[in-house]
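**Student:** What follows is the residue order along each chain.
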Amino acid sequence: MKHDVITETDQTISGAVHVDRRHDSAEKHVTGRADYCDDIAEPYGTLHAYLGVSTVAHGLLKNVDLSAVLMAPGVVGVLTADDIPGHNDISPTGQKDEPVFPTEKTEFHGQPLFAVVAESRDAARRAAELAKIDYDVLPHALDPVSAQEADYPFVTAPLKLERGETGPALEAADNRLKGRMQIGGQDHMYLEGHIAFALPGEDDDVVVHCSTQHPSEAQHMVAHVLGVPSNAVTVNVRRMGGGFGGKESQMNLFAAVAAVAAKKWNRPVKIRPDRDQDMTATGKRHDFVVDYDVAFDNDGRIQAVEGNFAARCGYSSDLSGPVTDRALFHADNAYYYPNVLLRSRPMKTNTVSNTAFRGFGGPQGVVAAERMIEEIAYALGKDPLEIRKANFYGDKTDGRNLTPYHQEVEDNILPRLIKELEENSDYQARRQAILEHNAKSRIIRKGIALTPVKFGISFTATWYNQAGALIHIYNDGSIHLNHGGTEMGQGLNTKVAQVVADAFQVDFERIKITKTTTEKVPNTSATAASSGTDLNGMAALNAAEQLKERLVAFAAEHWNTEPETISFRNNMVQIGKDAVSFNDLVRQAYLARVHLSAAGFYKTPKIHWDRAAGRGRPFYYYAYGASCSEVSVDTLTGEYRVERTDILHDVGRSLNPILDKGQVEGAFIQGMGWLTTEELWWDNTGRLRTHAPSTYKIPLASDRPREFNVSLAEWSVNKERTIKRSKAVGEPPFMLGISVFEALSMAVASVADYRECPRLDAPATPERVLLAVERLRNGG
Amino acid sequence: MNHRNEIRFLLNGADVAVRDVPADKTLLDYIRLERRMTGSKEGCAEGDCGACTVLVGRLHGGVLKYETVNACIRFLASLDGCHVVTIEHLRGEKGGLHPIQQAMVDFHGSQCGFCTPGFVMSLYALWMENPEPTELEVETAIQGNLCRCTGYQPIIAAAMAANRYGTPANDFLTIEREAIAERLRALDDGRRVITGPEDNRAIVPADVSDFADILSEWPNATIVAGSTDVGLWVTKFMRPIGPAVFINNLDELKSIKLTDSALEIGAGVTYSEAQGAIRKVFPHLDAYWDRIAGQQVRNMGTIGGNIANGSPIGDTPPVLIGLGAVITLRKGKTRRTLPLEAFFIEYGKQDRAANEFVEAIVIPRTEPGQLNAAYKISKRRDEDISSVAAGFSVTVANGVISDCRLAFGGMAGTPKRAETAEAALRGQPWNAATFAAAGKALEADFSPLSDWRASAQYRTSIARNLLQRFFLSHDEQTGEPVELLSA
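Top to bottom, those sequences are chains G and Y. Residues in the first sequence are numbered from 9 upward in steps of one, following my numbering. Residues in the second sequence are numbered from 86 upward in steps of one, following my numbering.
Bound conformation, chain G alone (with noise of 0.2 Å):
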């Protein structure tokens, strides 16, 4: 394959790769064409189902009473775990302790226990007010730490990663310090919430329209729940209103009882919850509870560091699992650590289980390792850059290149993103102008703040680094493509349209974007952990060699040439000397028997994890990236506003580089909402008491950097082949967040001179930075 070769954009045909080429679906996103699963026209006689959930976080379900619901007007029946036919069970890794409907005990508040299913949604979720359920309640823990002392479970193996001796290197050490930090977790706030749409077919079949990040894992769920083979069951999405890791394992309750209630009544069903219902039972980011212990000399190089990550995991493992397990792998962020103990504490709760949110974990593992930072530097009296650049990976020849799970760092780039960042933004000379600015301002005080991101691509789950991808060209020379990868808003199809327009040279309006169908390519691989380009665009690609193959061979054949005279070049093919048009070839080859469809397929080379060892290579490539931001704070008020904000960020040779920088800029935003203004918060009851977009803030418009320059490290090209040399995108620069809440730290610090690290808790809301800043005034 061509892929490793870096060449050159051929700026001939549209669309070409390396270059500037819009959303694919952008002209209907703007005129409201575009559809979303709730858009697709209702055939005659759909159904409508709606959840009904528990109303107390923990308790034994002691009578279900849905004589009422049935009775209410337009319902046509409920869907309780008697009705399931096959099995009751949506656990995503297969630890059978997920039911679709709890049928003994209720685990959290909001938990769904029944579907009503009726003529239209409003009478479905009208209906689902009127059960009467009574709980023999249980005590509850909401918390990891309250997890911990009711002594719950983990919900999954915990992984300990270990490297070098921690204890004797903690008791030599200069210096040493202990803390703990509370981590928020997050609601992704997709802008489409959760949508399913099944429609009945004959025998065992059903096609369900879902908005989905997982097709293939939607489509094993409904056939597991139906009790039938996974080929009875189609899944389709042609895209998804966002989905952020929300979609990644949480439509699976909406799948299965779409297609149990479609195969039940013989009709098509819906359900749609509403926001509030969606984001009360549907999963979250993790709250984290990470203590550290970490040592380190004189210079503010560490020496050790050891961890306890605990985890709010909710009431099942879901995806806990991984999602603890890559903190762990991130909590070195980009520093090299000579002795480390990272362990997971991945805590049953009595809440919603929490899932995949862009990132999976990492960033929790990244803003701990950003807090013992700090804390150096605060107990030392420098800044905190210094310090990062005195613990950053260094190379073989240093011996500083192993992180704790023992894969080689070889592709770091960190110094001279680092510097050139440093220099873009000023900021040793704007750093010295807020010390001096604070050391005059009473109430208003600034901060800044240089943090770096290193994250590593794949997913640890090595067998879910593979895709598939599939096209066909017809014979009027048009090109259908078709891969296993879900497009929510990313920009997927765009990139890999690119890759086969640059295969064929052919303009990329030749090539048709269609649905993910679990129809077409089969055992996908959920479009997360940032893979859906470096995965499906290579399967992609494999296809269209293929294809290109075997018109290579036909063309050498028919036009009595060698095969080394053939080039594909602007919509037309030359053959020695002879230049055809590409579809006058396809018509020439498919009047000759040529096979004009192919099945392309990728796996990831070089990883491999041995997750009971703690060693291993787990991540192909490494992406990077580095944000500078200076926030003002009113001390008075603990309001705050980022004034501006520069990011460098590294996404290896880019495959369409203002796609990549719309990624870098939306998940820093993303990120910088979930440490300042997203807090979820639950009452004691264990209600949860945000949960719509009144109460739960996301950044507006006006929130974001006051002054924000983005630029990609045009000098990146990714060590491994990937396709095209590109770097994934999608989760890394959700980190670079982090130097706006280190920002906001300093300004804190600030009125305690920066003698103290004021250890902010994320998020950092207006409330807990005023609450800091009085805690510090008041000495500590």
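No incorrect hints appear here.
Keeping only pairs whose Cα atoms sit at most 30 Å apart, straight-line, the calculated DSSO-like set for lysine-lysine is:
| id | chain 1 | residue 1 | chain 2 | residue 2 |
| --- | --- | --- | --- | --- |
| 1 | G | Lys520 | Y | Lys179 |
| 2 | G | Lys36 | Y | Lys150 |
| 3 | G | Lys727 | G | Lys404 |
| 4 | G | Lys448 | Y | Lys525 |
| 5 | G | Lys614 | G | Lys727 |
| 6 | G | Lys140 | Y | Lys321 |
| 7 | G | Lys113 | Y | Lys321 |
| 8 | G | Lys70 | Y | Lys321 |
| 9 | G | Lys36 | Y | Lys179 |
| 10 | G | Lys113 | G | Lys140 |
It should be emphasised that the hints constitute simulated quantities derived from the structure, not laboratory data. Here the structure is a predicted model, which means the values were calculated and not measured.
Since the structure of chain G is already known, use the hints to place chain Y on it.
**Tutor:** Frame of chain G, contents of chain Y only:
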């Protein structure tokens, strides 16, 4: 009276007459489910995300004006005589993409695309009124639109560049404006509308005296003005609201009058409609006004409604109480007035009889020596409900505080004056110590709640600190900024 039983309006290019409109039928459900116009999206059904944003054009004093609204919480019955414009109607000068749409495409303003139609509608409304906006004006126009993908930068860039793609003068709604106004005038037959099933009646009064009559006939009718709160009773709590009387079209409740002594605002005046007068008469409220909800809600919600619903965390009561506002309540043809703070009796209870309605708000003009301030503290700066809101008015003569009003929202079950703290200021010299003492005195006035917006400790701290901010920002010695700038 001879009434009509259907709601008539224009939907994009079409004349529409809908019979049997239940009180709680929303515009969004109507266009998506009954008309299958699926460009407008439901993101939250509570007026907070803007994915359902459409334009509503309405004749006001003979002039047709278009504003953004949230279709999810706007009731169909409230649209009698209006022109509803959805994303499906937009087009460019020569067909194809509208200038706003083309700019959004060219600047990569969409990623997942779900919020995009709503953004396009908000930016379209802005561009029609203000084709060369500042960045701050764009941000203000899209406070009510959430995007989770882009980080907003490309959307702002598109808005700033939109005028390069076409000018409002050549826009289809400009060109058709007179014809549409004519069609809307033709819809106005001056009749009361009664529609919907018996148990879910929607009533649209012909005028204010008809409204008063309706309340006599249906004393327990739900009064719906902007529906920014009542809309949520329906979409979130599925509460029945019928019979409901829709008063948003009553021009008589929309008067704004400035006299020598006061600004008088009709109860039906929306936040947007009031903003010009507020800015002129009470400049300290200008920036505060932009922090009331988002643009769509400001276009719908009324000051009268904000008062009448009795919420302890409404944005306008604290600042109006701070200014000494008085309200007029009307029942049939009789009227009474009372100080605004007296209207709020306790949480969930106001001094309003069943068949009585808030008719007007009278805000006394500022006296010489009177210093005013309005503060809102919230988790997120814009489009958020306050943790604490405050309206202060302090009169200083010869270095002594002669009078003051300190009103707070979010500190008690009602918007409330801090009487102990006021007493601590009155008659005292203008200095830091006086304000520190007043801050301390607040503890006797309030025992706030802890909830998801703020803890009691935080509320107590900021209430105290806002007094310090007030002193510092008005004291000549301060010599440095004491508040983050809004720009």
